[in-house]
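> Here's the letter readout for the chains.
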Amino acid sequence: MSEVTSAVARDVKKEFHVVGKSVPRRDGVGHVTGKTVYVDDISFPGMLHLKMVRSPIHHGIIRNVDFSAAEKVPGFVRVLTHRDVPKNIYTILCLIGVGPDEEPVLAVDRVLYKGEPIAAIVAETEEAAMEAVSRVRLDLEELPAVFDVEEALKPGAPILKPWGTNYFVYEGHHCRRVRFGDVEKGFAQADYIIEEVYNTSPIEHAPTETTACVAKPEPDGRYTVYTNTQALFFTMDNTALILQVPFSKLHFVGGTVGGGFGGKVDVIVEPIATLAAMKTGCPVKFKYTREEEMRVSSTRSAWRMYFKDGVMKDGRIIARKVISYADSGAYNRHTPYAVTKHAANVAGPYFIPNVYIDAYCVYTNRQPASAMRGFGVTPASFAVECQMDKIAETIGMDPWEIRFINAYRNGDMRPHQKVVEDATLIEVMKAAAELAGHQLPEHLLKMHSWDREKA
Amino acid sequence: MASRIVAFNLNGRDVEVMVKPLTTLQTVLREHLHLTATKSGCRQGGCGTCTVLVNGEPMLSCLLPVEDIAGQQVVTLEGITPVEGLHPIQQAFFDNYAIQCGYCSPGMIMIIKALLDRNPNPTRQEVMDAIAGNVCRCTGYESILRAAEDAARRLQSA
Ligand code: FES
Ligand code: FES
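Line by line, the protein sequences are chains A and B. Residue numbering for the first sequence follows the numbering used here, beginning at 20 and increasing consecutively. Residue numbering for the second sequence follows the numbering used here, beginning at 3 and increasing consecutively.
The shape of chain B in the complex, shown without the other chains (with noise of 0.2 Å):
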């Protein structure tokens, strides 16, 4: 089937890429622009670690064809970099070592934001289950649910 170009939103800036139809959105933010903050896991839905933002909400862009988000709003973690130092959730991540081989930190941090965006002083229990579909196999959770806390403080006092 002959590829087609699709045009979207990605971190504030306007793209168009050429595709294969069914092409998934990881696929094109990893291979096609090299944007590699967006992990790999399993491509199947399973592990999280491929989160990104659409128009806000979290979706997971290993299972996401990209010719069905043309023209809408998509963010990376790069794109809530800042250029100098950290963005709060990012941060909150850092101080609590959130992290520890990091593979699944990318996928958490765009969860906890799509959630914080929506509802800025969560509770624990709305922590968990916004975080219920991406796996971490290192941390055991508990320092990610409070990096969460401690991001939603941080963001309130800004």
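In isolation and in its complexed conformation, chain A is listed as follows (with noise of 0.2 Å):
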């Protein structure tokens, strides 16, 4: 037995109430009877419906919208234009200090890619509302539109954001940097220069339960708001924000969500149907359809990344340049954030002493991407992981010998300048090699992540 394991087999001697055991889950006489209320299944007397006016393309201007027909549909309660939104234009992440605002919560004379929402409609049933946002009649003009992350940074692409660019400005610069070393010296040092681009696609999340809401006036004049977003103060923080009421009138009611994966952090449903209730004095319910999910909803972004390394005969890998390009879509939602986090972990878990890193997020005329499961690192471990292999076969060394090799130990400094304080790579690799039965080299078992062992 490892190390590891034997440590882990003496903590669970111990007796804890929860640790080590099965405990039956609290929901889950709910769920197995259908009993556990989702968003969904709450309905109100006199229950209003929301539906979308969303943009055919790409990228327009918009040169008029007539609600004429639309308005003659049996069952129309009324339509919200961005004039009716208090504070329209926000961003997600204003609350960490993110800025500035870009993301208009309904189109105001331009859309920056299809499924974008223009109007909302507010209707007595789900089918009017429907029927009505067929009757709109969308007078666009359309633009060309730019889909491909490198396409989207020359010279001559559309420009599609106020300050002039089409990537999120960092403090001034035109990417996150990381700066570490002497990158080019490492290069000229090694002994292998190795170069590949990965490229990842972006996922839908495909909750199998869609985003939904439901905005109820209360008569205290308060607004409660029963949803099945994944963040519930970051939501209701952002709604108050856009509709520039106090955070007081505002009971968010949630935690039962039917799947998210990241995919229900955006703040995108709520208060469009809260600024529904408000104007209409009625409960609303806004519901995306499974279409809308898969076609407008976010998505983890698209990324492609150069790697470049210079690496040592003996495994090291002394020098690693890389450039990202995350694929925002057309508005921020998480993915500067993404880019921040994939700047620091793209050198990966391992010690490399000179390292340069530009990392881009980018706008296309593509729906926007946010969060997903470890968004921002997820493509760069798996950019780091190919490129470890990559480098293995170059130089012809075993997979799992350059990785204990160059992994990090306890005291190494992070090219983000972060002390290596808690490493476990090097246990996690050594039961992983028990697990799926893979004997090590004495070697490598013998190394560990408390102290770099003199070569």
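Misleading hints may appear alongside valid ones.
As the list claims (entries may be wrong) - Cross-link-like lysine to aspartate or glutamate pairs, in silico, EDC-like; alpha carbons within 20 Å at most:
1. A:Lys465 x A:Asp417
2. A:Lys332 x A:Glu404
3. B:Lys22 x A:Glu170
4. A:Lys340 x A:Asp210
5. A:Lys180 x A:Asp85
6. B:Lys22 x A:Glu145
7. A:Lys360 x A:Glu146
8. A:Lys91 x A:Glu170
9. A:Lys327 x A:Glu143
10. A:Lys54 x B:Asp70
11. B:Lys22 x B:Glu33
12. A:Lys133 x A:Glu311
13. A:Lys327 x A:Glu214
14. A:Lys133 x A:Glu143
15. A:Lys298 x A:Asp210
16. A:Lys40 x B:Asp97
17. A:Lys465 x A:Asp431
18. A:Lys54 x B:Asp97
19. B:Lys22 x A:Glu146
20. A:Lys437 x A:Asp201
21. A:Lys332 x A:Glu472
22. A:Lys54 x B:Glu86
23. A:Lys332 x A:Asp256
24. A:Lys204 x A:Asp120
25. A:Lys54 x B:Glu80
26. B:Lys22 x A:Glu150
27. A:Lys327 x A:Asp201
Everything labelled a hint here was simulated from the structure, so no lab data went into it. The model shown is predicted, which means the values in this text are computed figures rather than measured ones.
Please assemble the complex out of the two chains, which come individually in their own frames, going by the hints.
Shown next, in the form of structure tokens:
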């Protein structure tokens, strides 16, 4: 038994109430009986339904929107446009200091992606709302669109942002930068230079329950919002900012989420449904159709990552340069933050003395990307580990060995200037080898995370 | 078009509903009768969360105009849930952690009920074939397959 597993075995001999035991789920009986109440299971007498008028094109100018035919649909109640939204332009991460605001709740004079909301229609039934949406006449002027991160950065690309670039500006810089050591010197000393480009595709979270909320006016002047958001207070705060009401006006009820995976942390349905409840005095439900969930809700962002590594014959990586591009789609959502996380992690869990990283958050005319399970880091890990295998293959070294040699030890400095204090990679790899039935050679088994062995 | 009355048997009780033509059984269950155990993941036949039994056969209630089942027997998850405790399939789902977010669980339990009613001792492949139209985005299916096998054992020894 390895040191790690024996340490774990020692620990579980202690008596814990929960650790090491199977605990029945508190919500389990509700789930298997169908008694758990999901947002779409909630309805109120007199409840209205909201549906969005969406852009049919990827990029364009809104010349005119004509609601006259929509208003004649039986059951039509009212329309909401950007003029009705107190603070129409927002950015979700303003709560952690990300700016400037750049996404409209409802489009003003331009649309940047296919499916972008232009106006909301509130009606007595869902069918009436859909019917009214289909009768809205849009007069749009189509503009050239861009769908590739590197195309978007070329001179002459259609510019999507009011500040005049297609990238997010990080403290005055065109990308999130990490500089550590001297990467060019490292390349000059290296025995091998190993280059590769890695691409990942967008992924839709596809939760089984679609994004939804119900906003209900209360007699005391407050609004109760039942929602399946993954970020209840974050969503409440953003809703209050968008609607310019004190937080105390809103009571958010949630926690039951029919699958999220990061797809339900954007603040999308709640502000507009709450606004509709304010303007009509009625409870309002806004539930995405499956089509909206698949085509309009945010995805994991697509990435392109260029790696250049300088490697010594003995397997040490002595220099790594990475240029990464995240496709944020048309708006920020959570991607500026994903790019920062990416920049901090794309050198991998390995000690490399010379590192140079440029990570760009790029806007295109795709539907906005956002959070999904380790966003920013997941594509980095994919690229890093593919690259480690490529290095092993190129220099003719065992892929386990290359990782053991380069793995972080406690006390190592990471490229973004954080000292490693809790390294576990070597122990995890030993445990993984054991589980996979792979016999590691003695000299690797002797390694551990708390000290770097003298070569 | 005018609404009309449709009568059918739901969980052992006769019900009558007033519906417009082409109203689905799913809408009747969830919106007219407020029986929300039958879920609504796509309303286009793609997810299986709305599965109910009609005369013992599993059906996607989102694709089924309620007029088409006039006079027939419908069973939903509410109909197999005992007043106290759980149905053996529900218990097996609970004990095997075949639930994460739980949104697919009602449809999964109904499709497995339909399977076990006609084939009390299915192979793993037969369970996989049975749930092929039911999407679970959370569990990775393994725990659901285990729950189905466990449910078969429980029902046979009951
Ligand atoms: S709701 Fe019926 S199959 Fe998805
Ligand atoms: S448990 Fe979430 S979809 Fe199956």
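> Look at each hint and say if it fits the structure.
Right, here's what the structure says about each hint:
1. A:Lys465 x A:Asp417: 17 Å, holds
2. A:Lys332 x A:Glu404: Distance ~19 Å between Lys332 of chain A and Glu404 of chain A Cα, so the pair holds.
3. B:Lys22 x A:Glu170: 52 Å, violated
4. A:Lys340 x A:Asp210: Between Lys340 of chain A and Asp210 of chain A the Cα gap is close to 16 Å, so the pair holds against 20 Å.
5. A:Lys180 x A:Asp85: 27 Å, violated
6. B:Lys22 x A:Glu145: Distance ~14 Å between Lys22 of chain B and Glu145 of chain A Cα, so the pair holds.
7. A:Lys360 x A:Glu146: Outside the cut-off at roughly 43 Å; violated.
8. A:Lys91 x A:Glu170: 44 Å, violated
9. A:Lys327 x A:Glu143: Violated, because 59 Å separates the two Cα atoms, which is more than 20 Å.
10. A:Lys54 x B:Asp70: 28 Å, violated
11. B:Lys22 x B:Glu33: 13 Å, holds
12. A:Lys133 x A:Glu311: 11 Å, holds
13. A:Lys327 x A:Glu214: 4 Å, holds
14. A:Lys133 x A:Glu143: With a Cα-Cα distance of about 27 Å, the restraint between Lys133 of chain A and Glu143 of chain A is violated, given a limit of 20 Å.
15. A:Lys298 x A:Asp210: 69 Å, violated
16. A:Lys40 x B:Asp97: Holds: Lys40 of chain A and Asp97 of chain B sit about 13 Å apart, inside 20 Å.
17. A:Lys465 x A:Asp431: 19 Å, holds
18. A:Lys54 x B:Asp97: The given pair, whose Cα atoms are some 17 Å apart, holds under the 20 Å limit.
19. B:Lys22 x A:Glu146: Holds: Lys22 of chain B and Glu146 of chain A sit about 12 Å apart, inside 20 Å.
20. A:Lys437 x A:Asp201: 18 Å, holds
21. A:Lys332 x A:Glu472: 18 Å, holds
22. A:Lys54 x B:Glu86: With Cα atoms ~13 Å apart, Lys54 of chain A and Glu86 of chain B stay inside 20 Å; holds.
23. A:Lys332 x A:Asp256: Violated, because 54 Å separates the two Cα atoms, which is more than 20 Å.
24. A:Lys204 x A:Asp120: Distance ~41 Å between Lys204 of chain A and Asp120 of chain A Cα, so the pair is violated.
25. A:Lys54 x B:Glu80: Holds. Lys54 of chain A to Glu80 of chain B sits at ~9 Å (cutoff 20 Å).
26. B:Lys22 x A:Glu150: 16 Å, holds
27. A:Lys327 x A:Asp201: OK: Lys327 of chain A and Asp201 of chain A at ~14 Å, within 20 Å.
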